Structure formats: structure tokens, C-alpha cells
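**Q** Since the structure of chain A is already known, use the hints to place chains B and C on it.
Residue numbers (the numbering used here), protein chains in the order written: chain A, 1 to 223; chain B, 1 to 240; chain C, 1 to 226.
Everything hinted at is true.
Derived coverage of chain C by chain B (criterion: at least 3 residues anywhere in the stretch with Cβ under 8 Å from a Cβ of chain B; other residues may be distant):
#	region
1	11-21
2	86-92
Calculated Cβ distances over 12 Å to all of chain A for the following chain C residues:
#	residue
3	ARG2
4	PHE32
5	VAL49
6	LEU69
It should be emphasised that the hints constitute simulated quantities derived from the structure, not laboratory data.
The structure displayed is predicted, hence computed values, not measured ones.
Where a beta carbon is used, it is the ideal one built from N, C-alpha and C, also for glycine.
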Amino acid sequence: MKPTPLTIAAVIAVVVTYIRAIFFTPYEAVQGPVQKIFYLHAPAAWVAFMAFGLVAIASCLYLWLREDRLDRIAESSAEVGVVFTTVVLTTGPLWGRPVWGAYWTWDARLTLTLFLWFIYVAYLVMRSALPDRAMRARYSAVLGILGALLIPFIHLSVYLFRTLHPRPIVMKPSAPSLPGEMLTTLFLAFASFTLLYVALLRARYRYAVTRDGANPAEDHRAR
Amino acid sequence: MQSSAAPVITTENLTRKFGARRAVDSVSISVSSGESLVLFGPNGAGKTTLLRMLGGILKPSSGGAKIGDVSMPGGADVRRRIGIVSHHSLLYDALTARENVEFAARLYGVRQYRQNAMQALEAMQIDDRADTRVSELSRGMKQRVSVARAIVHNPDVLLADEPFTGLDVVGAKALSTLLIESRSRGAALVIVTHNVDEGLSLATRAAIMNRGSMVSIEDRTAIEPHSFGSRYAAMVSADA
Amino acid sequence: MRDVMADAWLIARKDLSIEFRTRSAFLSAVVFSLLAIVIFFFAWDATAVPAIDLAPGVLWVIFVFSGLLGMHRSFGVEEPDRAIDGLIAAPIARESIFLGKAIASLVFIVAIQVIAIPAVALFYNLPLGKIAAPIAAIAVLAAIGLVAVGTLFSAMAVNTRLAELLLPMLALPFFVPIVIPAAQATAKLMSGRPVGEAVAWLKLLIAFDIVFVVACALAYPFTIEE
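Same shape as in the complex, but just chain A (with noise of 0.2 Å):
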């Protein structure tokens, strides 16, 4: 498939943060070199949880529309989003045992990130376990949701349980505590990312659609 101008654009986004990343900006004085994982780490982080509640807005939208188009959104999304869900799971313990001296915390958002992998594992599994087309769809749809129901009631079962994670060190009202420069690569690196995912999830759909032989222009029929 030829790449699109969206795909082009997102990926030099991605390397152009990137060299930002590594060679322009200082390094984090007590982390080091190995903070820099941070800037592949939380924008992914950032997707994974958006590409999730796509899964969820396109479910709930099915149900009610029951148009095969959201159904092939909500499949794109989280086929995309478990790729991300992945990277995340992978820079956190690469980036925790030399700072934290330990891979794994079990902390609210990495647990958290944790199960959303495991919902997206079970639903992936479960589509492939689905041949009938309306069946699948349906059952995607009313995981997709009890999926996002779940999230809220981890985060405050884990939360209750313990907090280690770094406290948000960019969000603080008044006053950022990444200096600017780092500030800077890092809205970088959400932006680049958000635009890869959408190239992604575009390709992704584009190819949902030609496999399940669906004129574009017919995806509005209902089923």
C-alpha cells in the first residue's frame, strides 16, 4: 500500500522528536541518559489509554447504530493500541530498574496499563474466536464497553492498594517541573504520537475494509 501523506507526515514527526529528543535536550540530573525513555514511554502510554476509548465510543455507538463501519473502527483501534499498550509495558521496566532499581512496581498507572492489555488481548482473542461477522461484532461491542466500566474500578482497587509511580511531574497547575526545553519535546512527542496512531488506525481501517470486501462507499448500510 502506498503510504499516505498522512503516514509521511506522522512519521517524520515521530523521528524529527525524537533526534529533538536524544540530541537536543539536556538530560534529567539525577535519572540521567535512560530518562530520555520517558519520551517514548508516556506518549505511548497517552495512546494506548485514547486508542482504548475509541474501542469503547465505537462499541457503544454500534449498538446502537449497528453499522459494520464502527465495528471495523473499534477493531482497528485496538488492534493499534495494543501495539502501544506493548511499548508501554516494555519501556516501564526498562526505564524503572535503573531508576527504581526494580522492573516491576506495582503501581497504579503501570498495573493499570497492565490490565488494559489484558482487555485488549482478551478481546483480539476473542474476535479471532468469532467467525460469524454479526456475532463478532456485537461481542467486541459488549466487551469494548464492560472494558471501559473496568478501568476505573483497577485504577481505584490499585490505587487503594499502593501508590510508588513518580508523582505528575509536567501537570502541576502552577508551575511545570520539567524545565521548557524538556516540557517542549515531550508535548512534541504526544502530538507525533497521536498523529502515528491516527496514520496507523487509518491504514489499519483501510485494510479492514478491503478484507472484508466493503465498497467504502457501502459502509453506511446498516447490517
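**A** Chains B and C only, in chain A's frame:
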């Protein structure tokens, strides 16, 4: 009781698609009280799918099916009128014949469920095995229990999908008697079968279905069994 | 509403009769529970980890996995001979099917709990007399959550090609926000903390139960319509 002229089962351009395949393609029929429509057709013709839509188990893709005035799938009131003999026995292996039929009776709101269950089992001549677990019954006996289960609530609409399968002479006779009797009491029947002789002996009208469409519907009185049988056999082998 | 409950109860009794007749799932669950109690005990260094620290974890592992055994058969019994079609065609509300099966599974899990909790008290020498009531309450509240989720996923998994793999895969992530509060509250009670400290966990458990019983009951009809 409704007059025998009033149609009880009606379908209008009833269609069901699975993906791109039209399992039932624009079928329009009507069956009145006291009538039995016997449906023939090769495997895969769509007969089971049609029955499932009439029974409220499957939703149409387009077009409609009605029992009385109610569109199917309908609510509890209309479902109470329908008895279904399916391809599968719908029985629970671990329970006895009696328990299975009593459970169905209670589901359908039959007040005297114990009595009715026993009567239904007697009608199918399987009452002597009432307290045997279904898992220990032979295929034919299971089928008899399955029929008893379908009629325990005295349905006035009976949908039977190859009900004679597995039945021996006694069972088949009991079933024929039962079907004819319920028809004479005003029930509307749709019966799917492969057995031309048996089917024609029960029919007020006979229909042939192929590839989702209704190929022919004729009054029994207008049918000559031998030529009907040859026509049907030719169609089945052409499709094979 | 009365009809829904009456029909649900009828279906629950039918499911329980079947289970009682065959007893296979229940016996497997009991045997599993007892084995788990034994294995956990020998797998831990009794001098380093007192039994009282072990017990909540053991109990909740038992309930989760026994519960799965029970819930797998919940819709599993409808599979041979497509008996589920009989329920769908019947003049009953769809919700009755869900509720009936959930009630049957609830009885199943509570029966396991009734055996496992005294067994743990016995084998681990834990005096549970004074806290028996609060522990029972936690156990039942948690069981309600497990059953709501498990029954729904049983209905879904049974229609797939990977039923035995999918039920745990779907259900276990949802079991975690039940097990954490339940086990933590149990642990607090067992170590003699006042009931007040377990209240936060109990509130979370009750909230989960309310949200998911409603959500799963609402979701169930979507799993059977065709």
C-alpha cells in the same frame, strides 16, 4: 377458536441473509388454523432457517413473519402459542424425560404441569420411560420426548423440523396421530420432512423449497403423489 | 418483575438439579479447593510466613478458580442438543435466563465457600469464630460480582471456538477488582483489625457489584439475539 379461514402464520417477502448468502429469499406464505403446510426441499434449502424465524429464534434480515397479528420475534404472549420440534432435541441429558417435559410446561405457564407432562408423554407412548434420564434413552425415544416437550402446553401453532427422524413405527404413528389431532382442533402446522409419503399423508398443502426460495405450493388435493415424488427426487439429485 | 424472578428461579432450580445429578463440577471444585489448601501450605515456609498471611490469598484463589469451573458449565449445559434454543423460544424474558443462571452459579460458589472457609480455618489453625459473619458477608458480596461477570462471559464464550480458554481470559481481568478488595478486607479482619478499616474495601466491592450486575444483565440480551 379462530375460523379456519383466518391465517395464523403469515410471511411477507421474508428474507434472511448470512453474510452475502441468502438462506431464505423473499418467501411469502400463509397457513391458517386447521391447516398443515408440509415443506419439502433438499438440504440447505433454507427450511430450518425459515422455521427458526417463524419460531422467534432468529430475526429476519428483511421482510416479515407474523403469528396472528404479532411480528416475529414477538413477545411472551405470542411465543406461548408456539410449539417447536427442532433438529436438536432441546433436552437436558442429566434430567429425566418427565423432568424435561415438566420444565418446559412450567416455562410455558402450564398450571397443571405435572398432569400435562404425563399426558404429553403418554401421547407419544413414552410414558413408561418417564423417569429414565434422557442420556439413557435411544435416539428414537429421545425424539418422542422432544415432541412431548413441544406440545405439552397445547400450542395452536406447531413448527416441526423433521420430527419423524429417528422414530420407529410406533413413534411415527403416535406423532402422526398427534399432528392430525391438533390440526383438527384448529392448530396451524408447518412440518418439514424428507419423507414424501409421510409428509403427503399429513398435508393440507405441500410446498417445495430450494435455495432459499419457495418453488411450489400446492393443495394436497391437487397433488398426485407419484409425480410429486419424482419431481422432488429430481430436484434433490439435481442439486447434489 | 415477579414473572422475571419466578422464571429465573425456575431456571436456577433446573440448573442446580442438573449439577446435583452429575455433581462433576462441584466435586472437582471441592477437590481443587482442598488440594490448593494443602499445596499452598507446603509451598510456603511456615516459619517465615504465618498461616494468617497466607489464608486470604488461598481463599480467594480457590473461589476464583472454583467459580470458573462452575460458571463454565453454566451455559455449557445448554450446548448439547441446543437446549438454549428452548429457553430462547420460551415465553420468558431474556433477563430471566441470565438471572436464573447467575443465581445457580451463586449457589455453587457459596457452597464452595461454605466448605473452603472452615477448611482453611481448620487446616491453618485460624480461629475464625468471631469474624465468621463479616467474612461470610464479604464472601457473598464478592461472589455476586464474580457471578455477574462470569455468567455473561460464559454465555459469550460458549459460542466461540475457544470456549475453555476464553472464559478465564475474559473473566479474570474483571475478577481482579473483586478479589483485591475482598482479599484485603479478609486479611484485615483476620489480623484482628477493627471492621472499620475494611469499610473502604467493602464500599468498592459493593460499587462494583451494583455497576456490573446491572451492566451484565443489560448486556446479556445482546449475546443471544441473532
